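Novice: In case you want the letters, here they are:
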Amino acid sequence: MSNKQFLTGAQLPYCKGCGHAVVAANTEKALQKLGIDPLDVVLVTDIGCHGIIDKNFLTHTVHGLHGRSSALAAGIAVGLNNPDKKVVVFAGDGGATIGMQHLISGAHLGIDLTIIVHNNMLYGMTGGQPSEFTPCGFKTPTLPEGSIKEGYDICELMASAGASYVERVVGIGDYSDSIVNALKAKGCSLVEVMEICTSYGVKSNPGMKLTKVVEDAGWKTKVFVSGKDHSFKKPVNSDTKNLISEKLEIEAKFTNNLTKPVSVMLSGSAGEGVQSAAEILAKAGMNAGLNVTKKGSYPVTVGVGFSASEIILSPKQIYYTGSSSPDVLVITSTEGLAFAKATIANMKQGAMLFIDSSLEAPETKATVIPVPFREKVGARNSALYSIFYLIHKNGYIPMDALKDVYNASKMAKRVAIETFLEF
Amino acid sequence: MQEIKKRKAFTEGSRLIAEALVRAGADTFIGYPITPANLLYLYGSKRFPTMLAAPDEITTLQWMCGFAIAGHIPVTATSFPGYALMVESINMAAIMELPMVIVLVQRLGPSTGTATRGAQGDLSVVHGTLSGGYTIPTFSISNMNDCWELAEKAVHTAVKLRTPVVLLTSKEMIMTLQSYDWSNLPEIEKVTVKKHQGNAPYLPYKAGEDLVPEFLPVSQNQHQIRITASTHDTKGILQNALPEAIENSKRLEGKVRKHLPDYTYFELDEQPDADRIVVSYGISSLATREAVTSLRDKGNKVSMLIVKTLLPISSKYVEIISKYKRAVIVEENLNGQLRQLLFGAAGRNGLTGVNAIARMINPTEIEEEVLRNE
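Same order as they appear, the protein sequences are chains A and B.
For the first sequence, the numbering used here assigns the number 423 to the last residue and increments by one with no breaks.
For the second sequence, the numbering used here assigns the number 1374 to the last residue and increments by one with no breaks.
Keep in mind that a hint or two might mislead.
[What the hints assert, rightly or not] The calculated EDC-like cross-link candidates involving lysine to aspartate or glutamate, where the alpha carbons are at most 20 angstroms apart (straight line), are:
| # | chain 1 | residue 1 | chain 2 | residue 2 |
| --- | --- | --- | --- | --- |
| 1 | A | LYS348 | B | GLU1368 |
| 2 | B | LYS1008 | A | ASP239 |
| 3 | B | LYS1008 | A | GLU249 |
| 4 | A | LYS241 | B | ASP1027 |
| 5 | B | LYS1006 | A | ASP40 |
| 6 | B | LYS1046 | A | GLU249 |
| 7 | B | LYS1008 | A | GLU251 |
| 8 | B | LYS1301 | B | GLU1368 |
| 9 | A | LYS316 | B | ASP1297 |
| 10 | A | LYS234 | B | ASP1262 |
| 11 | A | LYS247 | B | ASP1181 |
| 12 | B | LYS1008 | A | GLU246 |
| 13 | A | LYS241 | A | ASP229 |
| 14 | A | LYS234 | B | ASP1027 |
| 15 | B | LYS1006 | A | GLU251 |
| 16 | B | LYS1195 | A | ASP153 |
| 17 | A | LYS241 | B | GLU1365 |
| 18 | B | LYS1006 | A | ASP239 |
| 19 | B | LYS1235 | A | ASP40 |
| 20 | A | LYS348 | B | ASP1181 |
| 21 | A | LYS233 | B | ASP1027 |
| 22 | A | LYS55 | B | GLU1244 |
| 23 | B | LYS1046 | A | ASP404 |
| 24 | B | LYS1190 | A | ASP400 |
| 25 | A | LYS253 | B | ASP1181 |
Simulated from the structure, these hints should not be mistaken for lab results.
No experiment lies behind these values; they were computed from the predicted model shown.
Only chain A is shown next, with the shape it has when bound in the complex (with noise of 0.2 angstroms):
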């Protein structure tokens, strides 16, 4: 045991009689006897009477947000990634119960924390409202009718969810040890520390005894888990792979003759190909030497319903991505139609609507030509078919571009080729 002072010595900003300042002295006396550094532990707190301790500590100190210590100080251990630190949280049951999923992913990630609960079975900082920490019968100036429903038991809690060490004790005298077996496991610990706030508790609830509640809540005194080695390892990876990848470039083999911007949109049914399609030609025209953009629309449910994409191709330079009318439209499905329905309204005199003949073509100022997409190459590949078919039919880029990129891509090796150069 070590004689480092980890307290400054002066008054704890604490009232006469509060666990919280036994907390405090307890917690000095468990990193003495662990010999540690007072500048290798981290010390959170939060909101709360518990949180005002941070003046009083000669450890590095960080007061957070109501609730959140334990989610802060799993970024400090973490990022801090040294087992010779020690970050220790203190709380109090109000910011674990607006925290308790903090707390919680703490132990199921087995991040390198001590959590110190400061369980005085209300909010002592705002009145003496009720926690969800408050067990039955429980008196609180707010609910002098005592509380009607149990406590949460959070040494269960954070047992089932995979702390390495777990123990509730009554915050009176010397608990010192149980906090040093916390400090000491690898990996998530928790004590929970039983008080009563001598302001409102002992007012409210004149005459009762912190053990006999502890003991009538059904709190068990005792150590949960112990000797658990569930601890987090923090991915490092210095060595990852530049995003800039010359993969992912396309050098032009082929020319164009196009003189103007054209838009292509695809509009058919999701697993029938439409994305693949509208990425196939967009590489097409860069192949083509074009200027390219390609976006996808779908619900978030993306195998099922529509599936649309708009492509252009221009020999500019594109500033805008967008298209309020396209120049070619092409439907493979019913859903595809439902979907494209005021785009269709919309198009003008000299736009294309191609569409499967199985569909009926609402009323548009488009030229509209029947295609038998889905019956000539199947549901699945009738949007692939569709844009063989439209470069055959507008010619916007030579066709050998088209089958270029179709031929390094993946599909090429599910669906020959051939499959789609028969008009």
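Since the structure of chain A is provided, determine the placement of chain B on it from the hints.
Specialist: Showing chain B alone in chain A's frame:
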């Protein structure tokens, strides 16, 4: 003359953003999935030395603060619903003076709105994020080049000013694939967090003339570090509104404003004798550039201002716009958030907006508005 070989890639802006952030010095990506920011999560997991999946967005920001306290430069990407959950923690990061970058990928609101539709509706939200009138430096991406360059500036500004920085963008920049010539991407300078040196007493929040206090992580054991989310003095100790503590809080805005000229980025393309100017930022800059090119091709004289440093609002923008009789501010939101930030509810003569929601503003409507006589 030797022709510089063009290297055209087929890529989205999110790839450029992730790569640039790492090259600029960001080392940790904390992610919580949300459409349409998910590609940044994916690229974050491939490229950042450390990538962690957080269980929610409050945890995301708390972990980021923890990493920054330990000396790292963390990044996350989100959209409005996630950002809303982060707000209290972003306030904490700002008062703790922790460097980090939050890429905010805008989508259609309010509330969960439409996850897969782009938007430009969060400028007011970002502007009002910090309670008390403090500002988060905010950059807005207007094209693919900005994905690269502003990502770098975001990291540099975050580290230099010890502050969270928002990089504001939209679904279009993150998800749309395009042919992009990346052969001339400028080199990115890697920054590291500058640390206090020597054994002289260290006060965590004592700043010199530049108003930015020197940093020390909690990983060292020479100096005691005190950090708090509450109003605090230069020692980092919670204080109830003592003059020293209030001065410390005011310094937060002071440092962001003092250095603003160093990180005010915009693109000004002025035509001599033009009496009208089109102003835009973010996703609407795409249509604005197209509209201005087209207007000029038709013989119209028109100037263009693309705002890249959105917050704090630079008085330069007002000066530039004030020179023009007609000004049209283009943004994809209901009421013109930049327009109101620049000119208030009263507006000014000759100032109008082109606004839309749930769809991209197209170049034609911008052209019509610019030519309309007000």
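Novice: Taking the earlier hints as the rules, which of them does this structure contradict?
Specialist: 2, 5, 10, 13, 16, 17, 18, 20, 23 and 24
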